[in-house]
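Engineer: Heads up: the protein sequence lines correspond to chains A, B and C, in order.
Quick note on this note's numbering: the first sequence kicks off at 3 and runs consecutively.
Quick note on this note's numbering: the second sequence kicks off at 16 and runs consecutively.
Quick note on this note's numbering: the third sequence kicks off at 58 and runs consecutively.
Keep in mind that the hints are not guaranteed to be accurate.
Unchecked claim - Simulated restraints on C-beta separations: (1) Glu-530(B) - His-30(A): 38 to 44 Å; (2) Glu-523(B) - Glu-41(A): 53 to 59 Å; (3) Glu-41(A) - Glu-48(B): 24 to 30 Å.
As the list claims (entries may be wrong) - Which chain A residues stay away from chain B? Per the calculated CB distances, all over 12 Å, these: (4) Ala-18; (5) Ala-23; (6) Trp-27; (7) Leu-35; (8) Val-43; (9) Glu-47; (10) Val-62; (11) Val-64; (12) Glu-81; (13) Arg-84; (14) Gln-85; (15) Asp-93; (16) Gly-95.
Since the hints were derived computationally from the structure, they do not count as laboratory data.
Every residue gets a Cβ at the ideal spot worked out from N, C-alpha and C, and that includes glycine.
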Amino acid sequence: MSVKVLTANRLTDGEAVWLGANGEWLDHIDGALVARHAEAVAALEEAGKAAIKSNLVIDVNVIDVEERGTNLYPLRLRERIRQLGPTIRLDLGKQAEKTSANAA
Amino acid sequence: MYRYDEFDHAFVSARVEQFKDQVERRLAGELTEEQFRPLRLMNGVYLQLHAYMLRVAIPYGTLSGRQMHKLAHIARRYDRGYGHFTTRQNIQYNWPALSDMPAVLDELASVEMHALQTSGNCIRNVTADHFAGAAADEVADPRPYAEILRQWSSMHPEFSYLPRKFKIAVTGADRDRAAIQVHDIGLHLKKNEAGELGFAVYIGGGQGRTPMVAKKIRDFLPIEDLLTYTTAIVRVYNLHGRRDNKYKARIKILVHETGTEEITRQVEAEWQAIKDTDLKMPQQDVDAIDNYFRMPDLPQRPEGWSQLAISRKADPSFARWVDQNVTPHKNPDYGVVTISLKPIGGIPGDATDAQMDLVADIAEKFSNDEIRVSHEQNLVLPHVAIADLRIVYDLLLTDGLATANAGLITDIIACPGLDYCALANARSIPVAQRISERFGQPERQADIGELKIKISGCINACGHHHVGHIGILGVEKKGEELYQISLGGSGDEICTIGDITGRGFSSEEIVDAVETIVDRYLLVRTDKEETFLATYRRLGAAPFKDALYNETANAA
Amino acid sequence: MSDISESVAGELWGREGFREDPYIAAETLEETGDAPAVILPLAAWLGLDESVRNATNRKIGVSVAPGESIDPLLPLLDTIPLIALQFPAFNDGRSYSKADILKNQNHFKGELRAVGDVLIDQVAYMLRTGFDTMKVTHAVTLTRLAEHNLHDAPGYYQPGRGSHTVPGAYSWRRVPGGA
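Chain A extracted, bound-state conformation (with noise of 0.2 Å):
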């Protein structure tokens, strides 16, 4: 089943974003706060404008994930590429902080 987490662009530098459960903007997708009914949905849409609001993010969207386990997965290809980097550049992108992460 399809659930909700909210999503954005760091002002900064632009970096995608997603509204964690602590209530911080998280680099990854990991931990993002998952919206499961229609209160919990408008809840994250208030979250967002509060955050343009506060100068943090801008071009916030609630976007369609499913739970894989542990795992978010976005249902549009779009969101994973925003979740993972460039698919024809894996050295570059959120995909390579992980992978050298994980070989740390």
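Starting from the structure of chain A, add chains B and C where the hints point.
Structural biologist: Positioned in the frame of chain A, the structure of chains B and C alone reads:
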């Protein structure tokens, strides 16, 4: 090359200072995103999927070694070590931070460059033939006129809020390498019977959702009338272009809906009212700008030809590169070298900082300090002595820049697509890479001959798919990438929009589909001399549709 | 954000600074009583009897929307005290072309006014295409205009009002100042 004078320097510095102030106010929260967005776009700053993107203008695609070194430096210091050369002869950086933008613009200004008017509903960077000033077949160098138009269109008070963006292209040869007939205004510089220079004027071409070939509205416009006539065109467009629907807002729709005859009448009427105003250009001003673009004094190097014959014989790879990537120069001792940014399986148009530095070094030594960016996403060394071809080739070879495929099937144009672009619906680059790998074998490419594949990841058509001999458009259907094919498009002097073949192909099927088309072409061409485009024009779509759809059906 | 509140009616500004606005805007002449200076929409203005339009005891200006043609006004320019060109949104640029046609091509001597979404980033363009005044409601714009901070360029690549040529420079270039 044009050099900034004090006026230009003051103008660009003032714009950089202004944008610095705006960025600071944005970061401090004094400007909202809604207020800031049009301001950052005016300075070429977009927001893409992963980060901000900065689009830097390279006026009519001309660069010096020093400028290219600066682009390399910016890639290294503020980005991730590379840049992407675009179909608008610009360069895009994919990862700069907003807070670094003022510093980047300062760096650019120090080498007489900027990012102004690379976005927004204004007159965009003026493009020109990338072989301008060098090609043997040229009537006159179009760049002086592109430079005059660049100046005149900079922060134009009347034309900064047009219905939509506005693109002007200029060519000075009968062979159109600037695709002028798919621009809002296309100018073809030519001589009349009296031997005077002037322009044939085309308007209303464009790609995007509704592709159109431009209409010629004047066969010969004297040079002195360039700015008054352009003003008349843009004014008619500004007043009457549609503003109710952004997909119908380009001048091509106005021309189409008004009719060529009536729009020509309106432009001519407006022109009559302003043709003798301050914008009529005195010859001395044209000459002064023209002077910047004089053919350099190239020393005689006749020894090159015999050396070339020896080198060719000794090294077939070098011979292939010379045949494919070197074009005749006005001076018979010289050649125009195309540096392919399409290595087999690579990303079209991308160059690393090291590659940019290498090209800059080579240009400084062997090409009179000049580089061009082509709308086909390659680089060009316009003035290389035949005697230096071997050493230039060897240097290019050291960093993967000597791919001998200019104009061949692997010289693919592709927009950034869904790997980077916030507007895209499907990926373009991986499709280009897979096609390139499929056809990468040199003998196979040579056998296929001239074939231009162009790929866009959305209907905006930045990858020029409408004028690809084989055009590919990526769309999103039920959450999956789907690719439509069109055939027979061409952006040259016989300009045509490609015909869509029929149902689209999945990401898995698309490369096979292209191969099916190519195989059918090889089967039905009269001989090796008949190019893909010529064959398509002779036979139409039928044999290719038959190959694509009937055989697939039979196989299933 | 700025603490200056938006001015609802708007302030009138010209090159010399803020000034009193004698005009009131109305849909019809009837609803203006005996106001001495009135701005009417184009259709209402064109519908007036010529004697009313040219009455010497009051000024009747005309307001033109971006989609409306100024052609009917061109033969009458000598008799019009004010033309207000509308900017319903800052990015609707049609009124710039009309300003140039009215002032530079047809030498309109009356007041040319910009009304609507007038923002600081466009003020310099408006002055250069021929506007004399602008009606401003936007708070930041009011502040910047009060500071006389127009965001203008040090030089222009086109002829336009409020600029002059420099000897020896390219014919299309101008610098600010003079006429």
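Engineer: Does each hint fit the structure? Answer for all of them.
Structural biologist: Checked hints:
{"no.": "1", "hint": "Glu-530(B) - His-30(A): 38 to 44 Å", "in the structure": "holds (39 Å)"}
{"no.": "2", "hint": "Glu-523(B) - Glu-41(A): 53 to 59 Å", "in the structure": "violated (41 Å)"}
{"no.": "3", "hint": "Glu-41(A) - Glu-48(B): 24 to 30 Å", "in the structure": "holds (27 Å)"}
{"no.": "4", "hint": "Ala-18", "in the structure": "violated (6 Å)"}
{"no.": "5", "hint": "Ala-23", "in the structure": "holds (23 Å)"}
{"no.": "6", "hint": "Trp-27", "in the structure": "holds (15 Å)"}
{"no.": "7", "hint": "Leu-35", "in the structure": "holds (21 Å)"}
{"no.": "8", "hint": "Val-43", "in the structure": "holds (20 Å)"}
{"no.": "9", "hint": "Glu-47", "in the structure": "holds (17 Å)"}
{"no.": "10", "hint": "Val-62", "in the structure": "violated (10 Å)"}
{"no.": "11", "hint": "Val-64", "in the structure": "holds (16 Å)"}
{"no.": "12", "hint": "Glu-81", "in the structure": "violated (9 Å)"}
{"no.": "13", "hint": "Arg-84", "in the structure": "violated (5 Å)"}
{"no.": "14", "hint": "Gln-85", "in the structure": "violated (10 Å)"}
{"no.": "15", "hint": "Asp-93", "in the structure": "violated (9 Å)"}
{"no.": "16", "hint": "Gly-95", "in the structure": "violated (6 Å)"}
The structure shown violates the earlier hints numbered 2, 4, 10, 12, 13, 14, 15, 16.
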